[in-house]
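Residue strings, one per chain:
There are 2 protein chains.
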Amino acid sequence: MSGWLRVVGLGPGPDKWLTPEAHDVLHAATDIVGYIPYVERVPATARAKRHASDNRVELERAQQALQAAACGARVAVVSGGDAGVFGMAAALFEAMEKGDAAWRVLDVAVVPGMTALLAAAARVGAPLGHDFCVISLSDQRKPWSVIQLRLKAACEGDFVLAVYNPASSTRREQLEAALAQLRVARGADTVAVAATSVGCKDERVMVTTLGALDAAQVNMRTLLIIGSTKTRAVGRFVYTPRTYAEAL
Amino acid sequence: MSGWLRVVGLGPGPDKWLTPEAHDVLHAATDIVGYIPYVERVPATARAKRHASDNRVELERAQQALQAAACGARVAVVSGGDAGVFGMAAALFEAMEKGDAAWRVLDVAVVPGMTALLAAAARVGAPLGHDFCVISLSDQRKPWSVIQLRLKAACEGDFVLAVYNPASSTRREQLEAALAQLRVARGADTVAVAATSVGCKDERVMVTTLGALDAAQVNMRTLLIIGSTKTRAVGRFVYTPRTYAEAL
Chain F
131 MSGWLRVVGL GPGPDKWLTP EAHDVLHAAT DIVGYIPYVE RVPATARAKR HASDNRVELE
191 RAQQALQAAA CGARVAVVSG GDAGVFGMAA ALFEAMEKGD AAWRVLDVAV VPGMTALLAA
251 AARVGAPLGH DFCVISLSDQ RKPWSVIQLR LKAACEGDFV LAVYNPASST RREQLEAALA
311 QLRVARGADT VAVAATSVGC KDERVMVTTL GALDAAQVNM RTLLIIGSTK TRAVGRFVYT
371 PRTYAEAL
Chain G
131 MSGWLRVVGL GPGPDKWLTP EAHDVLHAAT DIVGYIPYVE RVPATARAKR HASDNRVELE
191 RAQQALQAAA CGARVAVVSG GDAGVFGMAA ALFEAMEKGD AAWRVLDVAV VPGMTALLAA
251 AARVGAPLGH DFCVISLSDQ RKPWSVIQLR LKAACEGDFV LAVYNPASST RREQLEAALA
311 QLRVARGADT VAVAATSVGC KDERVMVTTL GALDAAQVNM RTLLIIGSTK TRAVGRFVYT
371 PRTYAEAL
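These protein sequence lines map, in sequence, to chains F and G.
Note that the numbering used here has the first sequence beginning at 131, numbered continuously upward.
Note that the numbering used here has the second sequence beginning at 131, numbered continuously upward.
Don't take every hint at face value.
Calculated cross-link-like contacts (lysine-lysine; reagent style PhoX-like; alpha-carbon spacing at most 20 Å) [unchecked claim]:
1. G:Lys-146 - F:Lys-228
2. G:Lys-360 - G:Lys-146
3. F:Lys-360 - G:Lys-331
4. F:Lys-282 - G:Lys-282
5. F:Lys-282 - F:Lys-331
6. G:Lys-282 - G:Lys-360
7. F:Lys-146 - F:Lys-331
8. F:Lys-146 - G:Lys-228
These stretches of chain F come out as covered by chain G in the derived footprint (C-beta under 8 Å, 3 or more residues) [as the list claims (entries may be wrong)]:
9. 148–158
10. 195–204
11. 348–355
A few chain F positions that, by computed beta-carbon distances, are all more than 12 Å from chain G [what the hints assert, rightly or not]:
12. Arg-180
13. Met-218
14. Gly-243
Bear in mind the hints are in silico, worked out from the structure with no lab data behind them.
This structure is a prediction, so every number in the text was calculated from the model and none was measured.
Built from N, CA and C at the ideal position, the CB exists for glycine as well.
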């Protein structure tokens, strides 16, 4: 029997956001590979063998999965949210590029998932109603200067800005520096949303402003949305209008 | 019985990408409101009364839906993909802002969906593996100068660029102008993906370069992904590496 590999996005947490396609793949797999909390999230009805590993071993995990598929296993590599957005998919193709040439002709595909950005935005209204940028604030894999330049470019284009990985328990300075940069470029009154653990029991969603946003409330499970100059409140909601009347 | 309103993203087309949450809301609604092709896509098992309307009447449709909810109906306003990304959600909040103050305290929520971007990206690998921008190329609701400035900003930040609404049957010049701008700013060898009708029977996905991309193959159901300077091919896939080593 010939193997396959699917990189599967599980969505932000609850089963209500797991797509039928992802559900079916998890139940057809012989092996499930991923970071511990994501493997734990796979429904108990999926009878595959589970291979959970720690964070920061994405490349090794991808190599293990490709090797297993090459040997005939049906492998689901699981990721939170969408595997293609700061998830396991890029690591998988990096491993493919660096590895055995035979891996390139395996039956490999990515199964899209609900990324946290869409779930967080929906919670507060329609902040992504117009053009937007998505950026990871982690400087583990890119120089801080690249992040600064991208924040600058996002402000110059007046894009709504969605920020993944804004901080961790040890990485705090970057968030303070980014918020300082954004407050100058975009103004303290700009709408800001801090959405933590969206869809999970400990969900906490705050609608505030860039000036009032408390960095201490932001952790590794937080997604930040910073409005454009047009983003505004209506009742308890925020939205970015479809129409952008003025030239920039 | 008190009414409610949900703005529901149906995903890019096939049922395999309709979330369980969206499925349940459609089956609990008394009324389904939306653009004709999206209303037609709601599963036949949903017994709600259907109110399909033509394109370009988003605001009127939103007003109708809010009014119905205010009168006690359980209304699902449907959108393709994710309702918050160039979909009906922003129109709904615009109608709320302009309308009866009582509409602001209705039971209203957005149900996130799989946006076409994620499905298109998954088809070709992991082009969104690093920071990216999302922009609509339609100049019906914003000046062309804003689009030009945003394309420029996206290139200065070396973001991967995802383009919604790249062209319609009558709106063709904008795409040619945008491609010309991007070829100069980013180089003709840059990876380009044109994904049309992803997940549907007439799906057509092309991986090419900015220089070779044939604008004639792009229509209103196409999503374009333009790579950053780092996006590259491995076998039949394309991906943007997680690591960005150099300063910009």
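For each hint, the structure was consulted:
| no. | hint | verdict |
| --- | --- | --- |
| 1 | G:Lys-146 - F:Lys-228 | violated, 32 Å |
| 2 | G:Lys-360 - G:Lys-146 | violated, 32 Å |
| 3 | F:Lys-360 - G:Lys-331 | violated, 38 Å |
| 4 | F:Lys-282 - G:Lys-282 | holds, 12 Å |
| 5 | F:Lys-282 - F:Lys-331 | violated, 35 Å |
| 6 | G:Lys-282 - G:Lys-360 | holds, 17 Å |
| 7 | F:Lys-146 - F:Lys-331 | holds, 14 Å |
| 8 | F:Lys-146 - G:Lys-228 | violated, 32 Å |
| 9 | 148–158 | holds (count 5) |
| 10 | 195–204 | violated (count 0) |
| 11 | 348–355 | violated (count 0) |
| 12 | Arg-180 | holds, 23 Å |
| 13 | Met-218 | violated, 9 Å |
| 14 | Gly-243 | violated, 7 Å |
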